[in-house]
Every structure is written in structure tokens, then in C-alpha cells.
Amino acid sequence: MVGFQKWRRSESAQGLFLISPTLCFALLLLAVPLVMVAALSFWTQDYLTLDRTFTTANYVTAWTEPMYQYLMARSLKISIFVTVATVFLAYPVAYFISFHVAPKRKAMWIFLITIPFWTSYLMRIFLWKVILGYNGVVNGSLMGLGVIEQPLSFILYNQNAVVLTLAHAWVPFAILPIFVALERVDRSLIEAAEDLGDSRLRRFLRVTLPLSMPGVIAATIIVFIPTIGDYVTPRLVGGPNGLMISNMIELQFKKANNAPLGAALAISAMGIVTFFALVFLWMNRKYVRGPS
Amino acid sequence: MRGKIGFFRWFIGFFLLFLYAPAMLLPIFAFNASSIVSFPLTGFTTEWFLVLFTNETLHLAARNSLLIAITTAIFSTLLAVLAARASTRFSFFGRRSIMGFVMLPMVLPEIIIGVSLLVVIIQMGFELSLWSITMGHILICTPFCIAILSSAFMNLDKSLEEASFDLGQTRWNTFWLVIFPLVMPGIVASLLIAFTISLDEFIIAFFLAGTEPTLPVYIWGQLRFPAKLPSLMALGTVLLLVSIGLLLIADYFRRRGIRKTGIENTGGFL
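Residue numbers (my numbering), protein chains in the order written: chain A, 859 to 1150; chain B, -18 to 251.
This is chain A alone, in the form it adopts within the complex (with noise of 0.2 Å):
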């Protein structure tokens, strides 16, 4: 009794105390779904109501049918696409804020690329099918200018609108992380090798990029996780051959009436890009050589 009245009172016991409701909600509104997706995903949909017996027929199905395989590759090419450009574009732009802005105005300019992100979602992934589309502003104003005399029929309704969009609704996530991991960046070390009689790109490939690598790491997590359960995008832009798993899951929840069938690929694709994010993070452990 007098060893709980101590514990009571420790920094531990406070500590758990006070996050303890926001654990509760987390793991109430978290945990206890996603254990029961994961049941879920075990039953089987006999019309209207479950077949609460344990069975794998559902990931025997995600796997093994063609069109779940082939939606499932598709919806993985297109997140490391995603990923890849957006990690590249936003590189640049978080090296130029962190070395070339001035330091009173860097807080500016991150407002300044975080602003188009406020704008309503949806509207901005129709916006680009007005940007892309056949009368779109891309093609008149490229007809206009006389570099082309047909709209060019290949921007929208494809992946690679998929992927353009994607990547301009995830950059200022990529952003960040990389223009924090630059901060960090001792800049006593970047002249040390200047000094030391290295040229301004391999400065930048032995120190800058190396001390910089984990809000790579952390950008391309951020970016390549979430992008795979966008099911709007792929509605919107990506036309017929555009679609991604995630407009199979929800097609399977809701118009297709089989939940246990979309839970199985939510889970498969859950696990799939969490294969491949540990494989990455592992990669760069083995091969790139960050600060320790």
C-alpha cells in the first residue's frame, strides 16, 4: 500500500495518468477497429447477415484473382511513383527555403507552401481534371501558343494525372521534413569540407544529402503510406484504367455488399506497404550511411 501511494505520486505514474484518456479514445476508436477489420476479414458475407466461421477464402481470393493482383500492382506502381516525384520536387524547394531564403522570412515562405493545402480537397483533385482535360487549360494554352494543333488526349483519365495529382496534393507533407532535417544541418561541417577542398557537389553528396537523409526517410513515409488509400483521385482522374485498390475496398464495403472481402484487401494492402516501408527504412539503414 505505501509502495502504490509512492508510485501515485512518481513522475511515471503522473505521466500515464494524465495521457491515459487520450490512450483510451486511440485505442477505443483504433485498436478495437482494427482488431475487429482484422476478424472481419476471417468471415464470410452470406447476404445479409456474417458467417462468423474462420476462414481464409477472403485473402485466398485477394491473392490469387487476377484483378485484385493486378489492381494491387497497379495501386503500388502508382505510390512509389507518387512518392519518388514527390520527394524530388520537394528536395529542391527545401534546400532553397532552409540555404538560400533568409532567415526572417523562411517561417513565410513554409506558410506560403503549406496555403494550397487548406484548399477544399476535393475541389483542388477537380481543378486538375479541369487543368488536364481535353479543353483544359494545359492544352489551350499550348494550342494557343501553336506548339500542338489536337488537344493532347493523354494527360487525363490515365495514371500518370494520377500521379500529377497525387504528388501536388503530397508535396508540402514532403516539404516539411526535409526542410527540418536541413535546419539541423551543421553548416560549420559544410564549410569544413569547402576547406578541406571539396567541390560544391560533393559537399553536397558527402555532407549535406547524408545529414539530411532522415527527413528524407520520414518524407517518403509520410507520402508513400498514406497515398495508397486515396480512392478519390483515381475516381476523379484516373479513369477507367486509373482506378486503385482502394475504389475496390470501397466498392466491396459498400455497392458490392461483401465487407469480408474488402477488409481482406485493406489488410493485404496495409501490409503490403508496410513490407515495403520496413524494407526501406532497412535499406537506408544498411546502405546510407545517416548521422548515428
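You may find that some hints are simply not true.
Stated by the list, open to error - Cross-link-like lysine-lysine pairs, in silico, DSSO-like; alpha carbons within 27 Å at most: (1) A:987 to A:1144; (2) A:987 to A:935; (3) A:987 to B:209; (4) A:1112 to A:935; (5) A:935 to A:1144; (6) A:1113 to A:987; (7) A:1113 to B:209; (8) B:209 to A:1112.
As the list claims (entries may be wrong) - Selected chain A positions facing chain B (Cβ under 8 Å, derived; list incomplete): (9) 872; (10) 894; (11) 895; (12) 898; (13) 969; (14) 1004; (15) 1006; (16) 1010; (17) 1029; (18) 1050; (19) 1079; (20) 1087; (21) 1107.
The set of hints was computed from the structure by calculation and includes no laboratory data.
Backbone N, C-alpha and C fix where the C-beta goes; we use that ideal spot for every residue, glycine too.
Given chain A, work out where chain B should sit, using these hints.
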């Protein structure tokens, strides 16, 4: 050196154009007289804004969204204050894993959150309602609020608190008289961020919406009708202005908070 800067100028210029392209088109089409959303522009009109005033369904959806966003802002900020205070002030068993778990919704695809909440609500036999959407929104907004509030709490000088104890104040009084005023700007920023995220959230709302739509769910329904598009552009413009206004206010409070704790302003949001 010049060549390098020149390259950067061009790159940043194109980047900003790419980044702002959709946001710039929104007001252009909102004031365009043609009922087709495409170039060339045909003339100036405010008709599409006037349409918004008489649309009953829109007003209902807007009211639902406001209700959800306000509730979400309050509850996620409350939960985030507790988590941010606990994680910055105390070291306790499993702190890192608990915080990692609480922050998880930030990287989890929204469709997973939507699907899992849908499964629970249906399995438990509850009805889909505005409450189910609110719960989902609190879940995804809390990590953002924690990110903002953690920096507010981290900047606190522990000796101020100790001084208050030494002067005979209770724990409760110390919180209200010393800590709360110092983190107040962070709390305001957190409320506004959560409000803005919730107001615009579509994926979870679409999964969990019962018969009552939120604003984004309403917009999604209207996107199918070409005749409705110009007024949607007007609506989007209004929403954009509201969001930017709220963010400017949030940023003002964030800066004030940083000034109060006497630390140099180095970054933006998040």
C-alpha cells in the same frame, strides 16, 4: 554562384505555379459568366455566389460540417493537451510507444480509418450519424493538435512552474495561472487547425455519413452535375478564404506564443 541561383529561381517559380495552379483557377471560374467550367472566359458575374445563398441543402450540409468541426476542434484539442503535457513534462513507462500509437492516424491511410470505424459501428448495431463522423475526425485531428501543442509545451521553462510551487500555489492554480496562459496561443492554433482539417475532410465523412451529408460529401454529390459546377467554384472560393483566414489567425497566435516564451521564430506550422 549566379548560375546556381538562376536555376533555383526557375525551379521555384515553376514549383509555385504548379502548387498554386488549382487555387488560382478557383476564383477565376467562380466569377466567370459561362456555366461551363473551361476557358476561354466569357465575362464577369457574381451570380454563382448568389446561388449559394438560396440553396437549402447546402445550408444544411454547411451547418452539419460546422457542428462537426467545432466539436472535433474542442475534443481533439483537449485530448492533445493531455497527451502533449504528459509526453513533454513526464517520463513514464512506454512513453515512446504510447505516443507512437496515438500519432498513428497521421500516417494511416484515411480509408483504413473509415473502413474500420464503419465495421465497428455496424457490428455494434449503432446508426451512422454525425456523431460517427465526429469520432473519426477527432481521431485524425488529435495527432496534428499534439504536434502543435508539443512544441508549445516543450518551450515551457520548468523553473516557472517550480517557482509557482515554491510560492505556495497548488498544482491546479499553477496550471491555470502559469502554464495555461503561456500555452494559450498553441491551444488556439490547435483549435483552428483541427477545425480546418475537419471542415475539409471527405474520405472518412463519406464512409460514415448516414442520411445527413457534410459539406465535402455534398460537394462530392454535386460534382456529377455539370450545371452545378460554377456555383461549386464559388463555394470553393468562399471555403478557401475561410481556411486562409483561420490559418492566418492560427499563425498569429503561434507566433505570439513563441514570442511569449522568448524563443526565436524558426518554422511554420507542424
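Verification of the hints:
| no. | hint | in the structure |
| --- | --- | --- |
| 1 | A:987 to A:1144 | violated (42 Å) |
| 2 | A:987 to A:935 | holds (22 Å) |
| 3 | A:987 to B:209 | holds (16 Å) |
| 4 | A:1112 to A:935 | holds (25 Å) |
| 5 | A:935 to A:1144 | holds (24 Å) |
| 6 | A:1113 to A:987 | holds (25 Å) |
| 7 | A:1113 to B:209 | holds (25 Å) |
| 8 | B:209 to A:1112 | holds (26 Å) |
| 9 | 872 | holds (5 Å) |
| 10 | 894 | holds (5 Å) |
| 11 | 895 | holds (5 Å) |
| 12 | 898 | holds (6 Å) |
| 13 | 969 | holds (5 Å) |
| 14 | 1004 | violated (16 Å) |
| 15 | 1006 | violated (15 Å) |
| 16 | 1010 | violated (15 Å) |
| 17 | 1029 | holds (7 Å) |
| 18 | 1050 | violated (20 Å) |
| 19 | 1079 | holds (7 Å) |
| 20 | 1087 | holds (2 Å) |
| 21 | 1107 | holds (6 Å) |
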